[in-house]
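S.K.: So the chains spell out like this:
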Amino acid sequence: MIELLGLVIKTFVVFAIVLTHVAYTTYAERKIIGRAQARMGPMEVGPHGLLQPIADFIKIFFKEDIIPMNAEKLLFKIAPLVVLVFTTINLTVIPFTSDFIIADLNIGVLFILASASVAVYGVILAGWSSNSKYSFLGGIRSASQVLSYEIALGLSLAGVVLMAGSLNLREIVYAQHKTAFGIYAIPQIIGFVVFIIAAFAETNRAPFDLPEAETELVAGYLTEYSAFRYALFFLAEYIAMYVMASICTLCFLGGWTIPKFITDFLPFLEKVPGIVWFAIKVYAFIFLYIWIRATFPRYRFDQLLSIGWKVLIPAGIINIFITAFIKRFAL
Amino acid sequence: MGKLEIEKLSDSNFILQMGPHHPATHGVLRLFCEFEGERVIKITPDIGYLHRGIEKLSETKTYPVAMTLTDRLDYISSMINNIGYCLAVERLLNIEPPPRAKFIRTVVSELTRLSSHLLWLATHALDIGAMTVFLYAFREREQILQFFEKICGARLTVSYPRIGGVRFDINSFVLDEIYKFMDTMLNRIDEYETLLTENRIWIARTKNIGVISAAEAVSLGLTGPALRASGVYYDVRKHMPYDAYNEVEFEVPLGENGDTYDRYLCRIREMRQSVFIVKQCIEKMPKGEIITDKAIDIDISPERKRLFVAEDSLWSGFIAFLDEKRELIPKGEIYSAVEAPKGELGFYIVSDGGGKPYRMRIRAPSFIHISAIPKLCEGHFLADVIAIIGTLDIVMGEADR
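For the protein sequence lines, the chains are A and B, in the order given. Going letter by letter, the first sequence gives residues 1 to 331 in our numbering. Going letter by letter, the second sequence gives residues 1001 to 1401 in our numbering.
Bear in mind the hints are in silico, worked out from the structure with no lab data behind them. It should be emphasised that the depicted structure is a prediction, and the values quoted were computed from it without experimental measurement. All residues carry an ideal CB built from backbone N, CA and C; glycine is no exception. Accuracy of the hints is not assured; some may be wrong.
Unchecked claim - Cross-link-like lysine to any residue pairs, in silico, SDA-like; alpha carbons within 25 Å at most:
#1 B:Lys-1356 x B:His-1051
#2 B:Lys-1238 x B:Glu-1251
#3 A:Lys-63 x A:Val-22
#4 A:Lys-133 x B:Phe-1035
#5 B:Lys-1150 x A:Gly-49
#6 A:Lys-310 x B:Ile-1203
#7 B:Lys-1331 x B:Leu-1057
#8 A:Lys-59 x A:Thr-92
#9 A:Lys-31 x B:His-1051
#10 A:Lys-133 x B:His-1021
#11 A:Lys-73 x B:Ile-1201
#12 A:Lys-310 x B:Glu-1191
#13 A:Lys-31 x B:Phe-1035
#14 B:Lys-1356 x B:Glu-1191
#15 A:Lys-133 x B:Phe-1381
#16 B:Lys-1061 x B:Phe-1250
#17 B:Lys-1375 x A:Thr-88
#18 A:Lys-31 x B:Arg-1167
#19 B:Lys-1375 x A:Asp-302
#20 A:Lys-310 x B:Ala-1204
#21 A:Lys-133 x B:Phe-1014
#22 A:Lys-31 x B:Lys-1331
#23 A:Lys-133 x B:Lys-1238
#24 A:Lys-133 x B:Pro-1020
#25 A:Lys-63 x B:Pro-1023
#26 B:Lys-1180 x B:Phe-1250
#27 A:Lys-73 x B:His-1051
Stated by the list, open to error - Distance ranges between label pairs, derived from CB positions:
#28 B:Pro-1023 x A:Ile-280: 35 to 43 Å
#29 B:Arg-1155 x A:Gly-46: 45 to 53 Å
#30 A:Glu-44 x B:Arg-1155: 19 to 27 Å
#31 B:Thr-1044 x A:Ile-280: 38 to 46 Å
#32 B:Arg-1155 x A:Ile-54: 52 to 60 Å
#33 A:Leu-288 x B:Asp-1190: 36 to 44 Å
#34 B:Glu-1149 x A:Glu-44: 50 to 58 Å
#35 B:Thr-1044 x A:Ile-186: 31 to 39 Å
#36 A:Ile-67 x B:His-1021: 19 to 27 Å
#37 B:Glu-1283 x A:Ile-54: 36 to 44 Å
#38 A:Phe-12 x B:His-1021: 56 to 64 Å
#39 B:Glu-1251 x A:Ile-54: 38 to 46 Å
#40 B:Arg-1155 x A:Ile-67: 27 to 35 Å
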C-alpha cells in the first residue's frame, strides 16, 4: 500500500514538473527565437513576459471547443488523448537520477520506441476524423514520416544497446560511465547523429515539421482543432520533445553522470547532484531544437523520406555492424 | 471556373481548393488544384477577389487625382506605380520633370524596389519555412518605410511623385541618412545570403523547381526578374530609360536555368544593384526645381493656379493648362512602361482631349505571372506550388486591379 502511494506521489511529481517545463519551454522558445530574429519575444504579461504561459493556458482553456459538423465525432475527441497518453507514458521509464524512476523496466528503450509508434495513431486519427483535406494530408504525411524515422531511430539506439549490453536505461547509463569517454556520443558518433536527426523528424519539429507545415497545409492535422484539444496536441508535442531529449541524454550523453576524466580533473564536480547534470543536458538538447527551428527552412516531403531511407537507415545499419564487429572481436 | 470543370475531373484524383484564404497564396489568389497523391496534375488559378475597378474608376477622375488610384495597384511598391503613371501622362503632355526631380524619383524608385524585394524575400523564405529571414527582412523594410515617411509623410500609399516632378524636395539630412543606410543594407543582404544561398535545404527546395526556358518565358509574357532568371536580357530601365537611369551605371543580373533558385539569386543581386543606384543618385544629385512650370497638379501655388485654371471651367478645383486648341490634355494615346519590382508595369492611356483619361489600361506584371503558374507547377509537389507562388512575387492588388 505504501509502495503504491509512493508511486502515485512520484507520478504526480513527475507530471507536475514536466507540465511546468512544457509551459516554460513555450516561453523559452518564443524568447530564444525572438532573440534570434532581432525582436523581444513576449514582454507584456508579467516581468519580461514571465507569466505569458499561464495567460496562454487560461486563454486556451476558456475558448470555445469547436467540433466540425462533418467530423467523425468520437475519433475526433479520442485522437488528442491517444497522442497525449502514449507520449506521456514514456515518462514512466525514464530514470531522472540513479534512484528516481517510476517504473524500472528491463526493456526501457523498447518501451519508448513502442509507445512512440502508438502515438502516431492519434495523429492519423486526427487527420482522418477532421474530414478536411488539409488535415488528411497532414495525417498521411505524419504517418509515413514517423514510420520511416522510427526505423532510423531504432537502428541508432541498437548500437547503444549493443555496447551497453542492456535495454534498461539505467544499465545503459552505468555501462556508459565505465567507458573511457564516459559518454556514448563519441564512440557511437554515427548513431548519435542519426538519432538527433531522427528525433527531430519523430517529434515533427523543424526542419521536418511537414505534417503541420504552416504555409502549405495551414496547420496540417491540427487545422480543425481548437481550444483545449488543440492544446493537448501541443502538450504532447512538447512532452515528446522532452522524452527525446531525455533518451538522448541517457543513451548518448551519460545521463545524470559526468565523464570520469572530468571528475578526475575537477573533483568538486562530483558533489553536484545528478539531476543537475541531467537537466543541463536535456535543456541543451531542447535549445538545439529551438535553435534549429529559428535557422532552417523546411524540407519537402519526398526529400524528407529519401533522407530517411537513403541516408539515415543505411548509416544506422552500418553503425550496428561496426559496433557489433568491434564488440565481438576487438574487446 | 465552375461546376463544369469539377464534373470533368476523375474520381481518383485528390482535389484541393487552395485559397482565397490560405496563408501562402499571398493575398486572395484561389488555386483549384488537382493532385495525384501530392503530385500536381493540373492547377487552375482563379482571380478577381480583390477587384476594385481601378481602370474604370480612373476614367472618372482627373489626371492628377487618378494617380492616387495607382497606389493601390501593387500596394507594396506604390512609389513606382505612381512614377509609371506620371511618366505616361508626362509623355502624353510632352513635358519633362527637372533634373533634380528625376534623380529624386530614381532614388525613391530604387528604395521601393528594395522594400518590395525585401517583402518578397521575407514571404518567400517564410513559405519555405525559414522564418528568421522573414523578420530580418522586415527590419530593413521598416527602415525604408521610415525614409518614405520622412520624405513625404506616408509609408505605403505614398502618392509622392507628381505629373511633372515630385511633391516635396528631399532634405539633405534625409539624403545623408539614406546614403548611410545603403552601406548597412549591403551587409544585411550578405546576412540574408548566409542564411539561404548555400543552405542545403534551401537549395534542395528551390533548385530545378518551376523551371521555365527563355523562349517559354518570353511567350508567356513574363517580365522582370522572372524573365531575367531564364537568361533573357530585358530591363525597361536599360532599354527604355526613364528618369535618371541613363545617368547612373548598373548591371542587370541574369540567371541561367530559370528555376526558383535563379530567380532568388537574380532578385538578391538586383537588390545590390539598387543600393549602388541609390548611392550614385545621391552623389550626383543636382540642385534646382523639383517640379516643372508646366506641371498640372492639385497642389500648385495660388498664383500659378490662376494662370492654368480654365476660365470657363465649371469645376474650379480642376487645374490644368489649356493649349491653343483649347484641349486640356493633347489628344492621343500612349503606352509607357517602367520597371516595377515585379516586372514591366505599363500604362496605356487614351486621351480625348478632356481632363480625364478616356481609357486607362494597366499592364500589371502580377496578372501575367499568375498565368504562368499552371505551366511552372507541372509535375511538381504540393510544397513546390507554394515555392512557385512565392518565387513569382505576386501581389493580388495588381493582378485584380
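S.K.: If a hint holds in the structure, say so; if it does not, say that too.
M.R.: Checked hints:
Our distance criterion of 25 Å between C-alpha atoms is met by Lys-1356 (chain B) and His-1051 (chain B), whose separation comes to about 21 Å. Of the supplied pair hints, the one linking Lys-1238 (chain B) and Glu-1251 (chain B) holds, its CA atoms being roughly 9 Å apart against a limit of 25 Å. At most 25 Å may separate the alpha-carbon atoms for a hinted pair to count; Lys-63 (chain A) and Val-22 (chain A) meet this at roughly 20 Å. The straight-line distance between the Cα atoms of Lys-133 (chain A) and Phe-1035 (chain B) is roughly 12 Å, inside the 25 Å bound, and the hint therefore holds.
For the suggested pair Lys-1150 (chain B) and Gly-49 (chain A), the alpha carbons sit about 33 Å apart, so the restraint of at most 25 Å is broken. Under the criterion of a C-alpha separation no larger than 25 Å, the hint pairing Lys-310 (chain A) with Ile-1203 (chain B) is consistent with the structure, at around 19 Å. A threshold of 25 Å between alpha carbons decides the hint, and for Lys-1331 (chain B) with Leu-1057 (chain B) the separation of about 20 Å falls inside it, so the pair holds. Restraint check for Lys-59 (chain A) and Thr-92 (chain A): not satisfied, since their Cα atoms lie roughly 30 Å apart, outside the 25 Å limit.
A hinted pair counts as satisfied when its Cα atoms are at most 25 Å apart, and Lys-31 (chain A) with His-1051 (chain B) does not qualify at roughly 40 Å. Of the supplied pair hints, the one linking Lys-133 (chain A) and His-1021 (chain B) holds, its CA atoms being roughly 15 Å apart against a limit of 25 Å. For the hint pairing Lys-73 (chain A) with Ile-1201 (chain B), the CA-to-CA distance comes to about 39 Å; that exceeds 25 Å, so the pair is violated. Proximity of Lys-310 (chain A) to Glu-1191 (chain B) is assessed by CA-CA distance (about 33 Å); at most 25 Å being required, the pair is judged violated.
Distance hint between Lys-31 (chain A) and Phe-1035 (chain B) is unfulfilled; the C-alpha atoms sit about 39 Å from each other, more than 25 Å. For the hint linking Lys-1356 (chain B) to Glu-1191 (chain B), the alpha-carbon distance of about 48 Å lies beyond 25 Å, and the restraint is violated. Restraint check: the Cα-Cα separation between Lys-133 (chain A) and Phe-1381 (chain B) comes to about 16 Å, which is no more than 25 Å; the hinted pair holds. About 37 Å separates the Cα atoms of Lys-1061 (chain B) and Phe-1250 (chain B), which puts this hinted pair outside 25 Å; it is violated.
Of the pairs offered as hints, the one joining Lys-1375 (chain B) and Thr-88 (chain A) is violated, with about 47 Å between alpha carbons and a cut-off of 25 Å exceeded. For the given pair, Lys-31 (chain A) sits about 44 Å from Arg-1167 (chain B) by alpha-carbon distance, which is inconsistent with the 25 Å threshold. With a C-alpha separation of about 21 Å, the suggested pairing of Lys-1375 (chain B) with Asp-302 (chain A) holds against the 25 Å cut-off. Under the criterion of a C-alpha separation no larger than 25 Å, the hint pairing Lys-310 (chain A) with Ala-1204 (chain B) is consistent with the structure, at around 15 Å.
For the proposed pair Lys-133 (chain A) and Phe-1014 (chain B), the alpha carbon gap of about 9 Å is at most 25 Å, so the pair holds. Restraint check for Lys-31 (chain A) and Lys-1331 (chain B): the C-alpha separation of about 62 Å exceeds 25 Å, so the hint is violated. Taking the CA atoms of Lys-133 (chain A) and Lys-1238 (chain B), the gap is near 47 Å; set against the 25 Å cutoff, the hint is violated. Proposed proximity of Lys-133 (chain A) and Pro-1020 (chain B) is supported: the alpha carbons are some 15 Å apart, at most 25 Å.
Of the supplied pair hints, the one linking Lys-63 (chain A) and Pro-1023 (chain B) holds, its CA atoms being roughly 23 Å apart against a limit of 25 Å. Distance restraint check for Lys-1180 (chain B) and Phe-1250 (chain B): the Cα-Cα separation of roughly 19 Å lies within the 25 Å cut-off, and the hinted pair is therefore satisfied. At most 25 Å may separate the alpha-carbon atoms for a hinted pair to count; Lys-73 (chain A) and His-1051 (chain B) exceed this at roughly 40 Å. Between Pro-1023 (chain B) and Ile-280 (chain A) the CB atoms are about 37 Å apart, so this pair conforms to the stated range of 35 to 43 Å.
The supplied range of 45 to 53 Å is broken by Arg-1155 (chain B) and Gly-46 (chain A), whose beta-carbon atoms lie about 33 Å from each other. At roughly 25 Å, the beta-carbon separation of Glu-44 (chain A) and Arg-1155 (chain B) lies within the given 19 to 27 Å, and the hint holds. For the hinted restraint 38 to 46 Å between Thr-1044 (chain B) and Ile-280 (chain A), the CB-CB distance of approximately 55 Å leaves it violated. Range check, Arg-1155 (chain B) to Ile-54 (chain A): Cβ separation about 36 Å, and the 52 to 60 Å hint is violated.
Distance hint for Leu-288 (chain A) and Asp-1190 (chain B): a CB-CB separation of about 26 Å, inconsistent with the stated range 36 to 44 Å. Between Glu-1149 (chain B) and Glu-44 (chain A), the C-beta spacing of about 26 Å breaks the proposed range 50 to 58 Å. Taken as a hint, the range 31 to 39 Å is violated for the pair Thr-1044 (chain B) and Ile-186 (chain A), whose Cβ atoms sit roughly 56 Å apart. Between Ile-67 (chain A) and His-1021 (chain B) the CB atoms are about 21 Å apart, so this pair conforms to the stated range of 19 to 27 Å.
Distance hint for Glu-1283 (chain B) and Ile-54 (chain A): a CB-CB separation of about 56 Å, inconsistent with the stated range 36 to 44 Å. Checking the proposed 56 to 64 Å range against Phe-12 (chain A) and His-1021 (chain B) shows it is violated: the Cβ atoms sit about 44 Å from each other. Take Glu-1251 (chain B) and Ile-54 (chain A): their Cβ atoms lie about 55 Å apart, and the range 38 to 46 Å is violated. Judged by the Cβ atoms, the range 27 to 35 Å given for Arg-1155 (chain B) and Ile-67 (chain A) is violated: they are separated by roughly 43 Å.
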